[in-house]
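Sequences and hints are given; from them, build the entire structure.
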Amino acid sequence: MTVSESMHRSQPSPDGPPIMLLPTHPPRLGPVSRRLLLRLVAVLCTFQLVAAILVFAVGGHTARTVGLSIVFPGGGFLYVASPILFVLTAVAVIVALVLWWGVSAHFAIPLVWASAGVVAVVLVDGPRLLVDRGTYWQWSIPVVYVAAAATVGSMVWRVEQAYRRKLAKVPGINDYLRTAQLPKRLTLPRTLDDTDAQLLRWCYDFAFQPDDGLDGLDWGEQFHGGTQLRYQLNSVSWAMSLYAANHLPNAPTQIESALTNVVLKHTDLRVWRYWRTLNILGNFDTDPDPIRRDNIMFSAFLGDVINSFEAATGSTRFDEPGSLTFVWRDGRTFEYDHHSIYAAVKANFEHSKLGFFPCEPGWSFTVCNVMGAQALHGHDIAHGSDGWAQVRDRWQHTLDNEYSTPDGSYAHIRSNHVGLSWDTGEVPGGHYFANGTHRFVDILPGHARRAKALDLCGASGKMAALSAMVADDRLDLDLPAEPERHRTRSSRLLPWIKIIGGARLVGDQKLLDAAIRSSAEKCGTGGQWPDRPLDVGAAGLGSYMLLRWSAPLDLAALNMRGYVEPAGPMLDDTSWDDVLVTEARSLDGVSLRLSLRPRDGAVHGVRLRFAAMVPGCPYRMLGAGSVCSVVADERGCADVVIPVEVPLDLILEPAR
Amino acid sequence: MFTERSLRVRRAIVVVGSVAVTATLVLGFGHRGQHMARNLIVPGGGLIDERPILAVCFLVTATVATVAWVKWGVDWSIVAVVVASTVSAGLLASPVAHSATPQFARSTHEFPLVIIVAGAVTWTRAAAGRLPGIRRLGRRRARSFHGLADIDRLSVVDRCRCASIVALSAPSPEAELDRVLATMEDSGVARRAARIGLLARCRRGPDPFSIDHAHARAALSLTGRLPADATARFVDQAGVAPGGVPASEPSWVRPLDGTLAAVALERAGDRGVAQRWTAMLTGPMSMRRGHRPACWWTPLGVSAGSAPPWEHAAATAIARAMRWVTDDDWAVLRPRVLGAAARGTSTCHDERLIAAGRVWLAFIDDDPAAGIVKRPSVRHDPIAVALDRLARRLTIDPNALCRTPDVSEGISAG
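Protein chains in written order, with our numbering: chain W, 0 to 655; chain B, 10 to 423.
Simulated from the structure, these hints should not be mistaken for lab results. There is no bait here: all hints are sound.
What follows is a list of derived Cβ distance ranges for each label pair:
id, chain 1, residue 1, chain 2, residue 2, range
1, W, Asp-638, B, Asp-187, 37 to 45 Å
2, W, Ser-114, B, His-300, 37 to 45 Å
3, B, Arg-162, W, Ser-256, 33 to 41 Å
4, W, Asp-329, B, Gly-37, 52 to 60 Å
5, W, Asp-286, B, Ala-158, 41 to 49 Å
6, B, Asp-187, W, Asp-329, 39 to 47 Å
The model shown is predicted, which means the values in this text are computed figures rather than measured ones. Note that beta-carbon positions come from the ideal geometry of N, C-alpha and C, so glycine has one too.
This is the structure in structure tokens:
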């Protein structure tokens, strides 16, 4: 019986469907992982058998050197009395281990292992350092075997300990889940302030820089270090999509154009050329196409970005064939669009034996595969396809059986080749209850509820303590700067992002508002493009904007809703370069709330062209202490010219 | 303009003559003759056994002479080195055979010396440019240019090319125009022409542009700085020049310089230049295996090397604007232009190629390519900026270069 089949549900909670309980007897490994691991063990055992024959049956210095080199990397060096080379081999194995994970160099450890053996054999009759030629350390035979056994034993012991520790928690966790109450998502729209305007302006400046400009982002290596341009672009795109949907549904012109530019920046060679290196090292494949094979960290994220873009703007620009063309440095082109990216993600899911497909070749990350599922689900919502339904059962089976651990958390990473997982240091403990921008809400709602309940278990107390410190709508904390993920700088905003995220998680509106307000006050830099208005790196800034602008819709809600044509009057055109439109939405489908502010200085006559008004209907514009009247023409359009010298909050509504 | 037939006769004479001289030396002068013959193939090669230091000196001198020949048209230098090394071998080589039979260097006879040396120099330069540190320095230098404002930082040849293209992309802002014109008045342009004239052909005289120097004369003509009598001489010489246009440096016709010169000549009233240059572009300088030659050597009508992609693209794009070539080049240029657009504008060659691609796209209906090529910001290299301006002009009016400019168009004599 699989974990999925053995899952059972608690009693319905008062707020909604019941929360799934954890299986009480989860297996240590899923079937695919077990098979991969057994294959690895079989290979290692075969080599050990050969090694034992060489060491104990064949005998002789050369055979023993070869045998001990097989038993443990560099073991032969100990036998030929070269301890320095033994130590160097150990260091090389650690480097190879990092390269295995870092750049998918699956061959690195076997290469080091085999190379050490070859060199050791060469040294059998060669000179020695500090000892006489022809010296052989017979005592190294038991030492090498003990080292090998200790290494394997410690690995198994650590895994088993972690499993048993988590398993012991299951009854308690299930008791908690049976009674857990989930807070409602905070959907109250915020009143936008100066910081929102600064951030929006930064987004526009970022988007409207020259097409080949990536100014404003953090630069560094593109594999794992936290300076990946792709993720920075993703977060800016998502944040702008939320702003478009939540605050500018009735004035989409400028933000749609800006979002288009940001999405197109994903095709910049500097953003995706890392893949060729990984594909060569990990798959021995020289194809630079960033979408076709693996690389879910790019394809799925981009698919999800387009889902959000379409859900926010209704634009079908990226549905056109070839609308996202990736050009390699030799001029080869890889033409994609929303549909073909979706198809590539789906095909990769279907072809993966593990069920999840890799980011870096051979390494499948949970978070990226959650994004892959989101990419399919969002496309289904937007275009009526059923890709997610087709892969969901197998995907969920993989999540629940291959990646889950007894306490309800999921391993961050697993090898598609050997079925191993470990803590890469990228996320605390190498496990999490939920991840991805939607945290299972759209793809597996039941899992989302359980994950939220488990997250609340750790967060509620801390958030309650912080909430108690809110005074005068502020959280007067001086939080120390924290290092960014890429470790090249520290940022004061990072701890605030955690608090804001925590406040959203526990549904504490008071704490959320106070943290948003105080974070801007304490971390504002006053900087303008290309400087950032807050003390944080580009990736952190994206996360911060996401959290600020996640009401009434957050990313999950936006993608589950899809595009909805806005009701009420629309701001069709204005002097976008002179005026910053920070809000344009209709709450009642009849009137329009509009917030404007001068972009660089007072503007004395700004023409506002409205559309989608009731033809022939007189309207009035209220705000800034004056009333302005206008009658919609037969096409439902009208022009108003007003001065924008200070921030203005206006309402356009029918006069009768 | 010489006919292909006459050039073929010349080439045949040279080949037969070379074989005859070599055979005469080998068969008629015994062991010394063999040594002398080896010098005809690799200067210094005949001395390597007996006078290795002298052989190396000749080899180095031959390399320098080859560079001087290719770069400045100093063709006599290579002849001088070959003759000197051959005579030296004749004088210094032992009259009797060595114990080991001397062998000709294998394969070297398959390639003309110029190709070997020029290729080696080019390869070394390109390979060095790809080394991480040097590449970074090169990119930094490329980024330090600020468009046409830095035109005076270009080499004289590139400065002239840039001025010509700016003239074709007119009208330009006044200040920019002044700067471009100032670079043409800079004594460096005339000084280079005078030095090359003296070095390559022992020319002296008040007018360094009296013959050859197509790039400089084209620029002067297109910017209205070439006096009437010089313009008339420019046209007259073009009519009888082997390539249909004056050479860039003595005996070398280069595709971009030739194209710009042809445009200048047509504007100066040379009615036959279009036909002559079209014949060159479809004949000796036609595309082979996706490349057009880097240059054409007039004495024998031999093409050499491959033009850098940007020069290929720029020359043919301007020729396309003049309707001297068809769209065939675009098929091979397209992936190169797209690749440059993907790589970005960190090197001047890529930036120029992107801009030249934009000129091409003024005539080609290729929306996918246009969408890619429009993305990079061309703003550093002056030639690239000038080509970009030209592209914009041609996008608005694809026939802009075909028409004879009216009084209000183009650059006045200032």
